[in-house]
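> Residue numbers (our numbering), protein chains in the order written: chain H, 598 to 1090; chain Y, 559 to 911; chain Z, 62 to 551.
Everything hinted at is true.
Derived, one-sided and incomplete: chain Y residues facing chain Z with beta-carbon distance under 7 angstroms: (1) A779; (2) A782; (3) L792.
The set of hints was computed from the structure by calculation and includes no laboratory data.
The structure presented is a predicted model; accordingly, all values stated were derived computationally and were not measured.
In this text, a Cβ means the ideal position worked out from N, Cα and C, and glycines have one as well.
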Amino acid sequence: MARVTSYVLAIVLLIIGIVVGYYAGYYTTPQKTVTMTTTLTGVPSTTTVTVTTTLQTSQPSTQVSYTVPEKIKAAWIYVGPVGDFGWSYMHDVGRRVVAGLFKDWLETTYVEQVSADQSPAVMDDLVRKGYTVIFTTSFDFMDQTYDKAHQYPNIMFFHCSGYKRAPNMGTYFADLYQVYYLNGLMAGALTKTGKIGYVAAHTIPEVIRHINAYAIGAKEVGEQLGKNITVYVIEIGEWFNPDKARAAADTLVKQFNVDVLAFTEDSAATVEYAENLYKQGKEVYVFSHYSPMYEWGPDVVISGQLVRWEVIYTDILAKVKAGIYRPGNLENVDYWYLLNSGAVDLGAYVYPNGSIMHINPKFIPILKSIKVKDVLTGEELTVYDLVMRRYQQMKEAPLLQPLQGQAITHLLESIENISTGASHVPTVLIAPSFEPFTGPLKGYCLPGMHYSRFCTGKPDNAEVDIPAGERLTHDDLWNMDFFVSWVAFQGRI
Amino acid sequence: MPKVAIVKRELSKIATALAKVLVILLGLLLAATLTSIATGNTLKLISITLFQSFTNLNVFVYISTLLPTAVGLSLAFSANAWNLGAEGQLVFGAIGATFIALFTPLGRQEIIAPIAALIFASFLGALWALPAALLKMFRGINEALTTLLMNFIAYYVANYLVKGPWRGRTVYGYPTTDMIPIESRIPTAPGYSFSWYVVVACIAIAVLLYLFLYRTRVGIALRALGSSIHFVELSGLSSKKLFLIAFLISGALAGFAGGVKILVYHKKLVEGPIVGGGYGFTSIMVSWLGGLNPLFVIPASYYTAALYILSFGLQIGSAAVGDALSSTIVGFLLALILLADFLTRYRIVIRFR
Amino acid sequence: MMMRKPFIEVVEIYKKFGDVIALNGVSLEIYPGEILAVLGENGSGKSTLAKILYGLYFPDKGYIKVDDVVTVFSSPAEAKNRGIFLVSQRPQLVDDMSVLENVALFLNTSPSRDLKKKLEVTLRDLGMAIDVDRGVYTLSYTEKQFIDLVKALITQPRLLIVDEAATYLPRELKLKFLDIIKKFAARGGSVMYITHKILEAIEMGDRFIVLRKGDVVGVFEKGVDVTTIRRAMFGSEEYLTTFKRSPKKITHESFALSVENLIVFDEHGKPSVNDVSLNVRSGELISIVGIAGNGQKELGEAIAGLRKAARGRIMLNDNEITHAPASERIKKGLIYVPEDPFREGVAMGLTVAENVKLFSQSKVSRELLDALIKKLDVNPSNPFINVAKLSGGNIQKVSLARLLLTTPKVVVAYSPTRMLDERSKTLTLSILQRLAESGSAVLLLSEDIEEVLHISTRLGVMVSGKIVRFFETPDLESCREDIEKVMVHA
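Pulled out of the complex, with its shape left as it was, chain H reads as follows (with noise of 0.2 angstroms):
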């Protein structure tokens, strides 16, 4: 009985030590106590009230005094290491490319390999070496950002591929649909089977619009070649991880008769298994994902996206050092930059003296030779020409650049034009004269995500009906929680 008593007893004292150790920390920390010494009348004066109140100090809501520092110091957090060929690599391109263009005022350093639960005590060494500037690119950090953000109101932070926002915290991101779009196009024409593939990381909104932008323009050439196409996906639940993503392409082309694919996750491994493939006799093509990988897969690589954040990072320290940004601003700062910005570009390689292959040449003449029709204007034309207009078609859109920098702005950017009653000038586009995601689309929601207008408070895998014109907005992009009908979600390994 002793020995239970004992056992029971260092339980006890381990759940004693946590609550003593709490409250310990609790009294230790400095607390602000206001005291108020309030004599009352008419009672006899002797009689003194105290009234104490102890107030917690934990967000000090300090007022900002700003001046732009004659040189700014900016730093970048990497969720990878910047060798990663992928997303941290990218990110420090950018970076690479504003501390050569400010370099007169700007100092730039980076850390990488920093896990969500490090960023915080990563942002504390920042600002404490004298760092003004921090855009921490996970969006991992989103929450540890917003916090810190409270804590140091002096400071400027931008996060990337998050929402949430603050006076000194905006967001900003470079969006990949349109591009998918584009390889879709292509991947329907060069299809055999019109099954394509795709390999995901998450089934996010951002992932599934990059899914069903893909679909839209596979199914846009396929349907008219008489293939009746499926895009199978298969998600692999992490942003980096090739075994997964070579596995989930293995998957699809034997088990699918997939013969087409494209992926989000941040590595070439999907490229390299294809181009595997083709060395063994089989083709399957593959698009390659957010840097160029073209140089893994020559002879299978289509095209892809590409991302430059340098452009948004430009934007972002000429106008910090201009005094535009300023902590106190920033509540409304949120980038969402598209094709039309050159955020982001189609392709899969940058020549040396930084121009872009749109399309690898092999593929060119095969896309040359493939007829359809503009569904927009039922003008014959081949692929690749349909692919380059619809480019220019997303790309031409000047108005739209000032509208995707501000939150409070994104709502008009669906706005195709607006009539001006100007005799030589009657009417002027803002948006572009293409969007992928217009109606009619019919789609199916996903279980367990009900965020859109289209998919709240209905059942799960209820029936998406997007009439025929209707433009889908920012918001609705944002919040895509539903496959148009012809994608297939094989789901997660």
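Since the structure of chain H is provided, determine the placement of chains Y and Z on it from the hints.
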């Protein structure tokens, strides 16, 4: 030809401690010199970065995870309970804390919420350690293997929760839960990213566990378990019960650390590998650095934490040595501990014939 | 004396562990073809000396000369290179490896066919039939001890240090073991024979060196008598050699410990205890003797709960404990003194004080601790040092502290005196006797009839797992020859 001999020696405890500190200081100086040569930075700059890493209060960020876990593990290891599952237990602690904070009314009660969350986190951590202990006790299945595998199961459980039933309503499909209520978060020290409450609790835990291991009969018996099961049995103490206790305490403390990670750092549940972050594995090393003595685990976790800070500090600003070299330096500084340990236990005798 | 050169010379060796002086300027030399017996009480520094010669320890002062050249051994490998080998009180073998692999590992070669042949030949010459491919874990203690000796002999060493290696062996095998060593010396090898058993030393030694607390207190030539050596070993201090059996008053009729038809299997699934029944009343001291390997050890372990009983019943004060874990039995008033102090008697990772603390259910005060250490003559007497730093005999003494902390209902002891010098042995036996007198039921399992003859109230002889005969007369000494006969031929 000179002969080099490695000879055992015994120094007093104080001399040992002093010698270790001296070896580490000299090693740090050497590391700084080599780094400055390799990167072309001045020795002064590198030394300042080193010094700042060791004096940066943010070491407590890492200490508050590493210390409780490593202290629990040092208890388990000294009882020959090879719990390699701290990572999974930590993840389960995180799940427990999130559950209390997000899905029970307790989560909205100030002060009560974090305490309840931490207690439940410890409970779930212990619970996750239990199957391996039971399998060992009743089926003789190697606990090192089972606990190691359970880590990955824990990862998947957390992944399932954040991608399935617990996925937040306001997270745009990202695999995380919603943020836990303000009331259940533990406030951090102004200008830093750790919580004093947690730090004090962690040190209290280390001291309490030291007293338990070295002053109570059950604690001494736990340590004896590392030498001989038969001895413990012949002293009238059930080796199975002790084994179970060792497992449960180490699991509970890893769970506690997991709870801390949620309440102080993440403030929501994220995917398993992100919550765990490998701290459960690092803690194994920390507990051995501390010689399995809870009191020595305190400086060991401090040293390891400073190395974390250093690995980032070295990358920042004009030092900017990059992740690869900074990892090399950190590796060197860890090896330094082994060298210090070796030099205090052995001396090198060189004789010329 | 012949003008020969010593093979090895030890000059003014001084070694300190913490505050304890283990060797205080020891000098000696060993000649080829000579057996030098090194005698001393537990903790007198014998093993430390052996370890220094074997390169395990490094002396603080002094040096070693091999073939008249000053030599430094920084590791056993270097000692082995010079032909010096140690056979210690615990066989140094890796359990998970085969015999051949162990020998190969020891010699730092590969387990080649040549080595296998050589090993098989050596074993055959010594009259041992052991399959060299067997895993060491399947060997008995005796077999292991022989393999340990053989692995040293196979290389034709120049100096063999035998550190209490024969102490554990059963008598017949011990003679064989000692014979091998003698033959080795006769062929010109040097032997350093370390023991605390005076008679054994006299039988083996050509010369004798006696150590006491790190000092050389006597050097004797062949022909010295027991008393001279004993006086050197123990100084002028008095010690008890004879026991008087007090007239028994058996207070209880019921049995404190009773074993009924017990069957216990060994590791190979053979019954090592085969249908044993015995009863011990409170106040009785019953001995079970037998040559090692006849089941006494397994009997003791089965009663203690360290080994599974396959069949039969074990009762403690009328409670059945056949399947209870050891800890339960201890809590119910049983005390078991295990054979191997290193593995079971103490926890090597703990201090002396912590070990003692675990023996007692109640708090152990500092005064009690000091009194125990004094009474048991644990040397060094500092209770806060790690037990691992004590010599084998002193570790056994710490293990015996468990007998002095409570008045147990039942005491079972298996060869508790094996590692002890004569004074401690006497003390231990008197403690057991006193426990019986104060009402404990004592069961002493032993291989040495000398030590049990004087104190037992009843004596059983165990052969091949069975108790073949009980002797119960007031004067057991007179039955000595009968007992020995039963032990050997049954």
